[in-house]
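K.L.:
Sequence:
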Amino acid sequence: MSQNITNSPAQGVAGLQKKRMSMWAVAFIIYCMTAAGAFGIEAMIPACGPGMTILILAALPIVWVIPICLAVSELSAFMPEESGMYVWTKEAFGECWGFCMGWWGSLSVYLGMASYVVLVVGYVEKFISLSPTAAMCVKVGMVLIFTIVNLLGIKEVGIISTIFSIVILAAFAMITVVGVANWNYNPVTPFIPEGAGILDSVGTGICIGIWMYCGYAVVSNMAGEIENPKVIPKAFKVIIPIIALSYILPTLAGLASVGNWQMWGIDTGKGGYDYASVLTVNLGQGWGIIFLICAIIAQCAIFNSYITAGSRSFFVLGDDRLCPHFMTKLSKNRKIPYWPILILAAITMLLMNLDFSMLLTIIAPLGLICYVVLSFVFIKMRKKYPVESRGDVYYAKGGKAIEAYIVICPILVGILALFVNGTEYFLIGFISIISGVVFYVIFKLIYGGMAKVDPEKYPLNNKTRLAKGDTVRIGTFLMLFGILLCAGGFFLSWYEGDWGPAYYEAMYGTGFMSDFTLMVNVSKIGGAVMLAVGGILYLIGKKKDPVIE
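Heads up, the sequence shown is in numbering that gives the first Met the number 0, so the first residue is 0 and it goes up one at a time.
Be a bit skeptical, because a hint or two may be false.
Said to hold, decoys possible - Calculated lysine-lysine pairs in the BS3-like style (CA-CA distance at most 27 Å, straight line):
1. K542 with K383
2. K467 with K451
3. K543 with K236
4. K229 with K138
5. K18 with K229
6. K523 with K451
7. K456 with K233
8. K331 with K154
9. K379 with K236
10. K382 with K236
11. K331 with K451
12. K379 with K523
13. K382 with K154
14. K383 with K233
15. K467 with K382
16. K456 with K541
17. K541 with K383
18. K399 with K383
19. K17 with K331
20. K467 with K236
21. K382 with K18
22. K383 with K331
23. K542 with K379
24. K331 with K18
25. K399 with K229
26. K542 with K456
Don't read these hints as lab results, they were simulated from the structure.
Please read these numbers as outputs of a predicted model, since none were measured by experiment.
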């Protein structure tokens, strides 16, 4: 844990107040962060077919969720630190890569929180007409309520998450029961839409499926506040099957009950179908309103839990002198990092009235990259700290086979999802990815970084004013992402080449994102330039600024 040498012990990471959490409280926080209902799966069904939807929902826990949760469980048990993914990455690969991991995670939360507020207002307006002023009051009220909850502490967040989770799970359990009781159709036929290819259906389904199964590593952001971090692996073991079943069973039951798989979707205003339709068709329209209230609760649950998770990284980065130091201030009585929470609330209020579709385009790849990097962090930490030397601390048992499973599966699935998410998401998303190393250099030069905290472990290169070895690290960063960017350009030329030009022109009309050929060429050339610059920096660094292990 980083120690602040100038602040009193009451501030920074050292001043945090640990709370004892039950396994179920942690499990329900994870549920609210990662699921909070099956909302969103409706869009998968017509896009990739009923059978493919069920297959993807069943397969992703095996090849994506479980490997990630095993890695997070092991690292949280071994190093239960606040903003775990940042701390583990810093320990494995240095503060440059650590900062990038913390930056990516925080950026995705800070820029994406407004979407949940807007969704709540959208659901409310389905049964209550709101004036612009009333809609604004609902938005502000939601932000203020859950900001206050988070300022009270992680235990209060856990209580709210538990209540919300029980309500949401009960609603989807009811859909399952009603759907099965009114079974009329085969829920898995057709397997894919007529005329669609397997690859296209898999690509579309994985994009949505990954989104439905993201967020499992975020619980590590609060690990430093949990007095008994051993509950984290236990919570994962309980909640993973619950989440998977809460996706698969209502979807099967819904399709079996109301059918019409082509007409399922998120916007059901024109006679479409969704999970609420299972209740309205079989029990009456009043049940649709009840389920709509559940949908509102689900968005509030995600919003509440993500304030907790998203606010911690900048707090720890401030403690490590990698962002403004006022972020480390704690509330007097409850010892909560209030500045990151308040700033997150303010940014949400600023963005909730804007068209944030571009922001979502920018931040979509960040979660994928975080999980890919986490796989490398896991294997590096095992080499640096062999499990045999960790005593009775939890670790994933299974030798080399389990290591390969934990590392290879998320890397392959994450990169595949990044490539098939769409050319605009892939290319524009790299802006947010590259911003990590850009802001690391800026903040390192301004605030000094870990050299101000622990100069022996993190010595400074007086010529570059960065950490020793950062020339190699930045060169490696540019080479790796240059290869990924360039490879993505060639893949997308093949994957979307037949229909991409017409699709993006119709979708965006004019501008950069309307020109498929230009985007692909920028990806290829930009990747090649990054690879070349990274290679030069790497070679210079090897001679002049080698990494000190």
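K.L.:
If you test the structure against every hint from before, which numbers come out violated?
P.N.:
3, 4, 6, 7, 12, 13, 20, 21, 22
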